[in-house]
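Visitor: What follows is the residue order along each chain.
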Amino acid sequence: MAFIALKMRKNIFVVGLALTIFPNLCCSSGNKQVFSESKLIMGTVVQMTVATRTEQEARSAMQEAFAEIERADGLLSSYREGSLIAKLNREGHDHKVPFEKDIFDLMDEAATMSEASGGAFDLTIWPVASLWGFDKGGVLPDKGSLEDAVAKVGYRNLHLDKKNRSVGFHRRGMGVDLGAIAKGWAVDRAMARLAARGIDHAIIDAGGDLRISGSRPGKGFWRIGVQHPREPGVLLLTFDLTDTAIVTSGDYERFFIEGGVRYHHILDPVTGMPATGCQSVTVLAATAAEADAAATAAFVLGPERGISFLRSRPGVRGLIVDADGALHWTDGDLEKMARR
Amino acid sequence: MKRLWGEGGVRLLLGDAAVLALLGAAVAALSLPRGPAAGRPAAAEVLSAGGRVTALDLSRDAVIEVTGPLGDTKVEVRGGRVRVLFSPCPRQDCRERGWIGEPGEMIVCLPNEVVVRLPGTRRGAPDAIVQ
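From first to last, the protein sequence lines are chains A and B. For the first sequence, our numbering begins at 4 and goes up steadily by one. For the second sequence, our numbering begins at 4 and goes up steadily by one.
Note that these hints are calculated values from the structure, not bench results. Just to be clear, a hint being listed does not mean it is correct.
A short list of chain B residues far from chain A (calculated; beta carbon distances all over 10 Å) [what the hints assert, rightly or not]:
id : residue
1  : Arg81
2  : Gly82
3  : Pro91
Chain B side only, calculated, beta carbon under 7 Å to chain A, not exhaustive [stated by the list, open to error]:
id : residue
4  : Val111
5  : Arg125
6  : Pro129
7  : Gln134
The C-beta atom is built at its ideal place from N, Cα and C for all residues, glycine as well.
Just chain B, same shape as in the assembly:
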């Protein structure tokens, strides 16, 4: 068996190195974030008045209408991203937010009670923001 390293009492052989490499890979895999927080979002969640939650498939381009207290908000999906296309709210902050596509990003329209949210956490982003 080929000796890779070591003199005297302890020697590391090729087989040991392979096992160590596998162990390292296993530890690394266990350390990775798992579950819904990992990866790019496949769907957006649209929260609307009355606690309703609509899942929006980001792989299909579409425009949906979400009804709120002020009227209908139009939410558009295109190329894996999502935006508010039209809103009846007075300040239009939600529409001006533009496209979002990264995990954890969110568009909030409190006047018309519509929230578009991409699940997960962006790498390096804080777990929550006080604002």
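The following block holds chain A by itself, in its conformation from the complex:
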């Protein structure tokens, strides 16, 4: 009996020693710590959260990933005079503007999404978007100016020259605004940078455009909250997610009120006015670029057509909060995943 008791003590000692020396054996996620950083880029707060073994590893990788988003901002903003898109908007009718491969591919993806959504998402909405000026707080345009601007919108008049990787316009006054896809695209690029550095547990959040890899150490998932569209600071629901992108577009993000009417920044390319059928759309997809553009398209299409559109895209899921606050889901499984 004394022998058994002694053996047990010995076993406990050995296990204890092993746990002290090799803590990774006890916690599946190892001894990774979570670090986060924020920066103001692309007109929003970009937050990165990464799990790494050392702070130095985290800071160095995040610096690289932030640089990728800054590059995207410098190239893709329609509002920056020196950007590639601003150059296209100035010169695209006179001659085709050459693009780098990754940016050309983004333009191609945006044009494809424009076609797939029947123009609910339209990358050539710049004439209308610039008139509303939501970047400076927003102003209600007069009817005549709005009609003129709407007439200049139309992705079919965009010329993507795949052979020469250049872009031009068939009509004068046209312009590209990648605001509904660029943040998601930048987030995807930044996440690829982190992955290249061996970081496989991270969140990159660019003002509601999220890309998630792996999980929080010790948990097996990242818990993501979805903002309630009418109650600031209140969550509508949460999802426990790994390895996906999730994006919400809402009418509460950028808006102004004039004459008691709320005018928000998600514009219907057909009317030039803010879309009215939804309060918010949340989309999950493989990439943040797709989720970003699909959320805008579904918002413009409204709850019924928006859900049909999301269902038509492989690997895309989502929920829509309609103008009355009712929830519409692409599928029951997603609804079951939501924690309220």
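Add chain B to chain A, keeping to what the hints say.
Guide: For chain B alone, coordinates are given in the frame of chain A:
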């Protein structure tokens, strides 16, 4: 040695129990969140135009001015909390947000490009919010 539990083949003695307790404590300690995500923030980060980051010691009451494209935003620290005291932005959402003091809380003023952020994650709070 005092026997605490067990009949027959296996007995748990006082020494074993102590080792087990230590093991339990070690496992619990390893499971706790570590690094910057844990605990109450000692400093706030103020992000401003041009990617500048200023650390603000929350143990010292102070008012600082942060320059943005619209002018100067005044950020006040008092009693371990922080708020926007004055902002030149049109909608004043940042000023109306009031005091923040919990890990993960944030005040955002996009028009004047000023963000006040408390590092870390609040217990039970989601890791991120899509909004």
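Visitor: Determine for every hint whether it applies to the structure shown.
Guide: The hints, checked one at a time:
no.	hint	result
1	Arg81	holds, 22 Å
2	Gly82	holds, 21 Å
3	Pro91	holds, 12 Å
4	Val111	holds, 6 Å
5	Arg125	violated, 11 Å
6	Pro129	holds, 4 Å
7	Gln134	holds, 3 Å
Going through the hint list in order, the structure does not satisfy hint 5, though it satisfies all others.
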